[in-house]
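Number of protein chains: 2
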Amino acid sequence: MIVLGIDPGLSLTGWGVVEALSKDKINAIQYGCIKTTHSAPLIERLHVVHDELQSVINRYKPEVVAIEEIFFLKASKTVASVGQSRGAIVLTVSMNKISLFEYNPRCVKIALTGYGSADKHQMQHMVKTFLKLKEIPKPDDAADALAMAICHINSTKWR
Amino acid sequence: MIVLGIDPGLSLTGWGVVEALSKDKINAIQYGCIKTTHSAPLIERLHVVHDELQSVINRYKPEVVAIEEIFFLKASKTVASVGQSRGAIVLTVSMNKISLFEYNPRCVKIALTGYGSADKHQMQHMVKTFLKLKEIPKPDDAADALAMAICHINSTKWR
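Protein sequences appear in the order of chains R and U. Our numbering applies: residue 9 is where the first sequence begins, and numbers increase by one. Our numbering applies: residue 9 is where the second sequence begins, and numbers increase by one.
For the record, the hints were derived by calculation from the structure and aren't laboratory data. Possibly wrong hints are sitting among the right ones.
The list cannot tell twin chains apart, which means a pair is met if one copy fits it or any two copies do.
Stated by the list, open to error - List time: in silico DSBU-like cross-link candidates among lysine-lysine, alpha-carbon distance up to 35 angstroms:
#, residue 1, residue 2
1, 165, 85
2, 136, 105
3, 43, 33
4, 85, 140
5, 31, 142
6, 43, 105
7, 69, 105
8, 140, 33
9, 128, 85
10, 136, 85
11, 128, 43
12, 85, 33
13, 105, 82
So here's chain R without its partners, still in its complex pose:
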């Protein structure tokens, strides 16, 4: 199973592609970040998000996308930015007829570390361990996206 994890944002969208043969055999295939220019018009920024995400989908052909739920406690301006980028991302996934699963940050923490209050460093360390990487993936948004993909794999029933 190839899973694409996404940590959505307007300035930075983290993505991470992971292949799972079983719950214990998970490999990172590739990860990275989609960046948009703050001063560019919204329509251009969303087009960049769509275009680069489409390239990732074309290249790695994920069967599933796992995306972070919107965190409502943030300032409404942040929610608006993340929300609009997330809308463009979800539409892109839909156009590619890929299944979408949404996970809230607390679920992801529990899936990776066993408790819902894990800090950023603990999470990144577990991403490195799960994927047997030599270093913690950078930037943070890519590590968060890989965590999302691992969470989906851990939440899936395996025969």
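Position chain U relative to chain R; hints supplied.
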């Protein structure tokens, strides 16, 4: 000039197509509403918004889209819903290579009534007057979308 006005939402997106020969000669071509089911998954709802908006674009071939800016003072859950729908709408407009203009609600009120604190009824009445309609367009979201299109026409320099 054919302008498509949009009042974005996740449950209801109002749209209105207007043709302007000059600032004083504005005709309503068609208007309506895109509805999505509250209980449906987000990915399906955004797909419906995209699909129906694409049909409107195919049918009326607007040269310009005018859309309402996000109103940040609303609850962050509302901002998240409107934001995600708005992201899918803006991406659809971008894919069709149509110019997008954003207007805040206060600007729209000033453009239509001359003052920024006009109430809903005054706005709807002015939409009816500008477009020489027999009745106020329903639902409210469609009237708001027509107001957005009229605002764009009034903000445009005519030779």
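Tested hints:
In the homo-oligomer, the alpha carbons of residue 165 and residue 85 lie at most 35 angstroms apart only across protomers (31 angstroms), although the nearest pairing inside one protomer, at 38 angstroms, exceeds that limit. In the homo-oligomer, the alpha carbons of residue 136 and residue 105 lie at most 35 angstroms apart inside one protomer (30 angstroms), although the nearest pairing across protomers, at 42 angstroms, exceeds that limit. Taking the closest pair of Cα atoms, residue 43 and residue 33 come within 35 angstroms of each other only inside a single copy of the chain (30 angstroms); across copies the shortest separation is 43 angstroms, beyond that limit. Taking the shortest alpha-carbon separations for residue 85 and residue 140, neither the intra-copy value of 37 angstroms nor the inter-copy value of 38 angstroms comes in at or below 35 angstroms.
For the identical chains of this complex, residue 31 and residue 142 are intra-copy neighbours only, at 20 angstroms inside a copy versus 65 angstroms across copies, given an alpha-carbon limit of 35 angstroms. In this assembly of identical chains, the alpha carbons of residue 43 and residue 105 lie at most 35 angstroms apart whether taken from the same copy (24 angstroms) or from different copies (21 angstroms). Taking CA atoms no more than 35 angstroms apart as the test, residue 69 paired with residue 105 passes in both settings, with 11 angstroms inside one copy and 27 angstroms between copies. Within a single copy, residue 140 and residue 33 get their C-alpha atoms as close as 10 angstroms, which meets the 35 angstroms cut-off; across copies the closest is 67 angstroms, which misses it.
Taking the shortest alpha-carbon separations for residue 128 and residue 85, both the intra-copy value of 23 angstroms and the inter-copy value of 25 angstroms come in at or below 35 angstroms. Proximity of residue 136 and residue 85 under a CA criterion of 35 angstroms is satisfied in both settings, with 32 angstroms inside one chain copy and 33 angstroms between copies. For the homomeric pair residue 128 and residue 43, the shortest alpha-carbon distance inside one copy (21 angstroms) is at most 35 angstroms, but the shortest distance between copies (39 angstroms) is not. Proximity of residue 85 to residue 33 under the C-alpha cut-off of 35 angstroms is found in neither arrangement, the shortest distances being 40 angstroms within a copy and 38 angstroms between copies.
For a Cα distance limit of 35 angstroms, the shortest separation of residue 105 from residue 82 qualifies both inside one copy, at 30 angstroms, and across copies, at 33 angstroms.
The structure fails to meet hints 4, 12 from the earlier list, while all remaining hints are met.
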